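S.K.: As a plain string of letters, each chain reads:
There are 2 protein chains.
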Amino acid sequence: MKAWIVAVGSELLTPFRVDTNSLAITERLNTIGCDVRLKFVVGDDVDELAGIFERGIGKIELIVCTGGLGPTEDDITRDALSRALQVPMHVDEAIVDRIRQRFERRGMTMPDINRRQAMIPRGATVVENPRGTAPGLWVERNGTYIALLPGPPREMTPMLEALIAERLQPLAGGAGLFRRVLKITGRAESDVDARAQPLYNQFLAAPIPIATTILAVMGQIELHLSATAPSRELGEAALDAAAQQLRDLLGPIIYSVDGRPLEAVIGDLLRAKALTISVAESCSGGLLSSRITDVPGSSDYFERGAVCYSNHAKEEWLGVSAELIAAYGAVSEPVATAMAKGIAERSGSDVGIGITGIAGPGGGTPEKPVGTVAIAVRTPAAKQVRTFQFIGGRDMVKFQSAQAAMNMLRLMLLDG
Amino acid sequence: MKAWIVAVGSELLTPFRVDTNSLAITERLNTIGCDVRLKFVVGDDVDELAGIFERGIGKIELIVCTGGLGPTEDDITRDALSRALQVPMHVDEAIVDRIRQRFERRGMTMPDINRRQAMIPRGATVVENPRGTAPGLWVERNGTYIALLPGPPREMTPMLEALIAERLQPLAGGAGLFRRVLKITGRAESDVDARAQPLYNQFLAAPIPIATTILAVMGQIELHLSATAPSRELGEAALDAAAQQLRDLLGPIIYSVDGRPLEAVIGDLLRAKALTISVAESCSGGLLSSRITDVPGSSDYFERGAVCYSNHAKEEWLGVSAELIAAYGAVSEPVATAMAKGIAERSGSDVGIGITGIAGPGGGTPEKPVGTVAIAVRTPAAKQVRTFQFIGGRDMVKFQSAQAAMNMLRLMLLDG
Chain A
6 MKAWIVAVGS ELLTPFRVDT NSLAITERLN TIGCDVRLKF VVGDDVDELA GIFERGIGKI
66 ELIVCTGGLG PTEDDITRDA LSRALQVPMH VDEAIVDRIR QRFERRGMTM PDINRRQAMI
126 PRGATVVENP RGTAPGLWVE RNGTYIALLP GPPREMTPML EALIAERLQP LAGGAGLFRR
186 VLKITGRAES DVDARAQPLY NQFLAAPIPI ATTILAVMGQ IELHLSATAP SRELGEAALD
246 AAAQQLRDLL GPIIYSVDGR PLEAVIGDLL RAKALTISVA ESCSGGLLSS RITDVPGSSD
306 YFERGAVCYS NHAKEEWLGV SAELIAAYGA VSEPVATAMA KGIAERSGSD VGIGITGIAG
366 PGGGTPEKPV GTVAIAVRTP AAKQVRTFQF IGGRDMVKFQ SAQAAMNMLR LMLLDG
Chain B
6 MKAWIVAVGS ELLTPFRVDT NSLAITERLN TIGCDVRLKF VVGDDVDELA GIFERGIGKI
66 ELIVCTGGLG PTEDDITRDA LSRALQVPMH VDEAIVDRIR QRFERRGMTM PDINRRQAMI
126 PRGATVVENP RGTAPGLWVE RNGTYIALLP GPPREMTPML EALIAERLQP LAGGAGLFRR
186 VLKITGRAES DVDARAQPLY NQFLAAPIPI ATTILAVMGQ IELHLSATAP SRELGEAALD
246 AAAQQLRDLL GPIIYSVDGR PLEAVIGDLL RAKALTISVA ESCSGGLLSS RITDVPGSSD
306 YFERGAVCYS NHAKEEWLGV SAELIAAYGA VSEPVATAMA KGIAERSGSD VGIGITGIAG
366 PGGGTPEKPV GTVAIAVRTP AAKQVRTFQF IGGRDMVKFQ SAQAAMNMLR LMLLDG
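So the protein lines, in turn, are chains A and B.
Residue 155 in this note's numbering is what sits at position 150 of the first sequence, and the numbering runs on without skipping anything.
Residue 125 in this note's numbering is what sits at position 120 of the second sequence, and the numbering runs on without skipping anything.
FYI, nobody ran anything at the bench for these hints, they're computed from the structure.
What you are looking at is a predicted structure, and each value in this text was computed from that prediction instead of being measured.
One thing to keep in mind: the hints can contain errors.
Copies of the same chain look alike in the list, so a pair counts if it fits in one copy or across any two.
Unchecked claim - Listed below are the simulated DMTMM-like cross-link pairs for lysine to aspartate or glutamate, each with C-alpha atoms no more than 20 Å apart in a straight line:
| # | residue 1 | residue 2 |
| --- | --- | --- |
| 1 | Lys-7 | Asp-52 |
| 2 | Lys-346 | Glu-321 |
| 3 | Lys-64 | Asp-50 |
| 4 | Lys-188 | Glu-16 |
Please put together the full structure from these sequences, using the hints given.
M.R.: Structural data, given as structure tokens:
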């Protein structure tokens, strides 16, 4: 099956917003072997959008359109579809009732304007929106299926899942494009690429060929594998084998073969070893705590985090003495070590992490330029401290600091 | 002038890559009053791309196309243009010479394949590429200007600048499209929209008409204003006046008229009043600290942050007694208040914030469902505590908690 994706919203034609929904949609469509041929971004303009629908009908098998299903006059997707199909719209009172109930559950009265969201072009069926007021729509015309979904990802995603399972999968047959993302941190892209190179051609020549792409993003490298296979089983088996070959070759620098972020990986390791953790941060400013606690259930192992910008806080909460700071500087391995020790001992946690550095843009010196970060990690079995020199702006230094700290911990926990 | 932007490259139709060139192109086109009406992303497919050119010619004034100008067979942009214009291509030996010299300066021999990059459709003129081998092309047909630029941003950007200065600016006259983003938090989109509605038509009817778009994103609302004006001065003046009218109408719920995030806004308020701040977080897990410290120079006013997941940490660091927690529950206004008091007093900071809630997905009860968050803020002048009921997943509850806490502080600081 071949598809177009259309993102609707004038804000997507400004310099400030990029359409990211299409990435998630592509990923899900690919898994059922559906190939995306064109993507469009169109403003809140009923003529332009109707024109796209008109061009697609009878030509492409599937059009997935996101956005423009809200209650305001700007929200023109329903109108554009009605125009392209040349059918009238009517208000579906059952939808009005559901929207009204949604408001009532929040103790609010439904504004009249929301009746617009219950308008449906004749012949279209409704796709339930469990997380919002805007229902989706589904319609077929001249061999083209058209799905309208709301723009907010948290509403769109479950609706897309339902659409795939209930309507698209049966149309697609079993074949699919299957993908796997391996995540690596702590190495240079060129280094990983050079080491993995010999496997790439081997993968391509296999009975189920696997294409590889390497992608370096902030503080981590991703190896993307994709296999076109006649069934999910065969595709996944081929990807499993390829992932295993890469693991054998590259070793533990691969931290995830299933898309899990680093914070989830260390969470599982901590849970498996029944260890608790507390962290002390300076330059990363709470980002490490925040990432660790992004994981559902992290309260099982995360005890506390200290964000100590001031030396006073480092002394009071972590027992890092003013003398130590005076002797080595706040950004130093001895201070990072003392922070890790202090937070672990004072919280009674098994694992302690200390991060101190210069996030910039100010505060750098010739000896300790912006991006200098000392990180100490202690577990019941081991202690480590390292100094990193990160590049990039304040946000990148913060991210890489949290990333490097979690990776040090991961490797130490794997070791024993 | 109205424009289409076309991004070419099969990698842009995978789940891993998003077209970001179009943002930079939009920004530059907007400054000369050129409005982007549609964006396309197309694979390395000569039929699809030629089809887009054919649809645009005679209909849209400008098409800016990036990518597909490399030397390989995948690079089909030149072929697609030649097909759409129905003219043959020839090899421009002057371009071949320039490419050959470029290789020679690097001590290399030009591969034969690079001759492809010197193919130009009859009638097109060359746009120099100072940073790469792929020259750009420029052609006019039936009132439509078409610019082909390479995909890599570092090559594309200077070529776009030259194109704007030498070819597009003279076509555009002095006019421009100028934009302003107003940010609002703590209100429902429909509420803001209903209140601002009367101004929208007034803005559109003004001598310099201003279009408005309302956009609700996680925990905040944005009002986008855009004015087409004969000069930057007039455009900015019209936007200033419109922003002021919206401020007069909506009051302090508007927290930013210049794109600054909430953490920067409260940073400026704290700095202006010479106040220091410390924060105590439970369910937001360090996100509030992390956002506050995203602002360069925040070490001037941010003293420390406590991420207290455990009741023990709340007691030890913040002096929140086990009795209080037992009496009201960890998620309660009295506990949030005690957290704010504890962190402010113990850190010696002027401002203290306490956040305690249920981020989910687990931990909810019928009385305190997931998303229940109590937030207390104390400044030297005032104390406030509120309980919120946020919707969405764990990340949204975290974000909205941090957002609501900063907004409470902002409104209290504005009050005195």
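S.K.: Could you run down the list of hints and mark each one as holding or not?
M.R.: Going through the hints against the structure:
1. Lys-7 / Asp-52: between (24 Å within a copy, 15 Å between copies)
2. Lys-346 / Glu-321: Classified as both: same-chain Cα gap 14 Å, cross-chain 17 Å, threshold 20 Å.
3. Lys-64 / Asp-50: Between copies only: 16 Å across, 22 Å inside.
4. Lys-188 / Glu-16: Answer is between; shortest inter-copy Cα gap is 14 Å, intra-copy 32 Å.
In this structure, none of the earlier numbered hints is contradicted; all agree with it.
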